[in-house]
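There are 2 protein chains.
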Amino acid sequence: MIDLNTLPERLLLGPGPSNAHPRVLDALSRPLLGHLDPLFIELLDEVKQGLRNVFGTTNAFTLPISATGSAGMEACMVNLLEPGDNILVGVNGVFGGRMCEVASRAGAKVHRVEAAFGEPLDVDAMVTAIRATRPQLTAFVHAETSTGVLQRVPEIAAAAREVGSLVVLDCVTSVAGVAVELDEWGIDAAYSGTQKCLSCPPSLSPVSFSDRALERVRERATPVQSWYLDVSLLAGYYEGAKRAYHHTAPISSIYGLSEGLQLVEEEGLAAREARHREAAAALIDGVAEFGFTPLVAAEHRLPMLTSLQLPEAILNSGEAELRGALLNKHNIEVGAGLGSLAGQIWRVGLMGENARITSVDRLVGALREELS
Amino acid sequence: MIDLNTLPERLLLGPGPSNAHPRVLDALSRPLLGHLDPLFIELLDEVKQGLRNVFGTTNAFTLPISATGSAGMEACMVNLLEPGDNILVGVNGVFGGRMCEVASRAGAKVHRVEAAFGEPLDVDAMVTAIRATRPQLTAFVHAETSTGVLQRVPEIAAAAREVGSLVVLDCVTSVAGVAVELDEWGIDAAYSGTQKCLSCPPSLSPVSFSDRALERVRERATPVQSWYLDVSLLAGYYEGAKRAYHHTAPISSIYGLSEGLQLVEEEGLAAREARHREAAAALIDGVAEFGFTPLVAAEHRLPMLTSLQLPEAILNSGEAELRGALLNKHNIEVGAGLGSLAGQIWRVGLMGENARITSVDRLVGALREELS
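These protein sequence lines map, in sequence, to chains Z and S. Quick note: the working numbering has the first sequence finishing at residue 372, numbered continuously throughout. Quick note: the working numbering has the second sequence finishing at residue 372, numbered continuously throughout.
By construction, these hints were calculated from the structure, which means they are not laboratory data. In this text, all values refer to a predicted model and were calculated from it rather than measured experimentally. Don't be surprised by glycine CBs; every beta carbon is placed ideally from N, CA and C. Among the hints, erroneous ones may be present.
Example chain Z residues on the side facing chain S (calculated, C-beta under 7 Å, incomplete) [said to hold, decoys possible]:
1. 10
2. 66
3. 70
4. 71
5. 74
6. 178
7. 228
8. 244
9. 247
10. 251
Could you build the full structure based on these sequences and the hints that come with them?
Structure representation (structure tokens):
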């Protein structure tokens, strides 16, 4: 059996998980409360408020789904879509593609607006398609973790609302790393993950639903296909005076999230975003000497996740071998390309606590050792 | 903000979560590995083997779903049912009822065989109904956490297999507390939770699918309605030589489960069951002086969860107030009744690490103080 005390301390510079903050790790090991304990309910209410802060919303229904980010995506789709509904999805990476798949399994007719991996969605193309298809739901990704593209949101959201469409935004990688402003942008449902810029372990998916979205759920003709993700049932536990048992909330994970949100509050969102931007700039500078070039144009680049095109020499000598050496000799993890970018790029995450020049220095030092 | 370091140490004697073992809490705070790190994959393979041990199975597809126990229930239903399928569900408590609801949302026609809350399912009634309805799926609960009833399994499972039905068994509360023998009993899919007799926090749902169950999934005419819970997609990450990204596995929770399974192995399943039985017997003896009587007949009683009928005096003075006093003055949590038993019973869990005479002594001492 693997002895957990002998596990190496990796520097996790892939697309997530990032390293959890030591205070978060400590929080995970606090003794359990029951999920109906008034003290735990009080903590949960604080967590919900902290999540509203990082989502930029006053939405009452803002809470951590008891499963990882992709379950948050599924929660948005299965609550807001009924069989036969039209959904328009912007696809410029793996996670836009995943939205199509999840929506299709909810019985929706899926319309796609595509952009090349590494490019943002074309706002005009999205607006035109929204006006043409008049979908019940419009969905796209704020921060595409498969490519490192940051999407401009407000114009697409406004066009969707003009035709009565609800808007779903994937904020898995953006939350607590760049500004997320659900209310200002007019987003009806959004989901995130804890293992990126919140510096918590993977296990929860923060979600937020607007009142307009909840109204749509109330007006459904068919039951939500997932009992576990049904927001009306979740509301019975997470909201109101009487907290009714639905499922058993993951106590320890929520302790960790509580501490992670506290750390965000202590630092402030603006300072945190600046730190992410500074680290990303240092990364691009630092790896230039080895011939890595950013995949994404500067104005669309995510600060917390940088896609680096591999230089010819590394493509020829084997990028997987070099990633293996970084992991095994230097305890540094970087991410491989996904989908059509597999073998072509690395994805380097500088997320949450890892968004520091010291992380960049360690990676650059290791690369220098391996490549010289 | 609540300071996590000031949280009281509760003795959790409700229906779950139970207290996590100190070694499990320590495991949760180990530094994260990436979810595709070869070391983490090795750990995951060990966890799968440990789960096979507690499920009594050699099923290759045995793994922790990245969500709590009810998601394990949903995983069984949505993978094994197609719209229009017939399912026969044994209902003698809240969790049998939940199975009906989840199956119905998967589009199945639900047939129920009911027994009174506090009674086991009548085996003859189940067998007769199975032969009459010849369902695609038969589902029932091994250990009903809402009532404290242990169900006899083999005859029902055999009757189901005779008519070509797959069999799903809810083992949320039984795993690692009483013998679970999926292979010997002929069970095709089972699910559990980590927060009961495994002494881990809530956050994962161990599941196991037989080859026969996986064959049924392969033969489906329709896609599994949940992308997150689709066992074919999960297999791509949890099995085989190439581990493909599906969702991001909850690293820390799996560390905890690994340690929990290690503790089970060190103790041995037979010794663990004996400890649970001894603690339950001591509980029933210990609370008799206050007039509590067990709801369930001795031969059907769960050792890890005892439903106690409340004496007249407590019914009159307010059972919720007394539970509140136990919690706030003595840091002991006991569970309320669910469904039709709300206000009528308490559910006292002696699960995993808490299944000790010392837990009983603490509860009896506190009751004596409150009731004398």
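Checked hints:
no. : hint : result
1   : 10   : holds, 6 Å
2   : 66   : holds, 5 Å
3   : 70   : holds, 4 Å
4   : 71   : holds, 5 Å
5   : 74   : holds, 5 Å
6   : 178  : violated, 20 Å
7   : 228  : holds, 5 Å
8   : 244  : violated, 10 Å
9   : 247  : holds, 4 Å
10  : 251  : holds, 5 Å
Hints 6 and 8, counting from the list given before, are not met by this structure.
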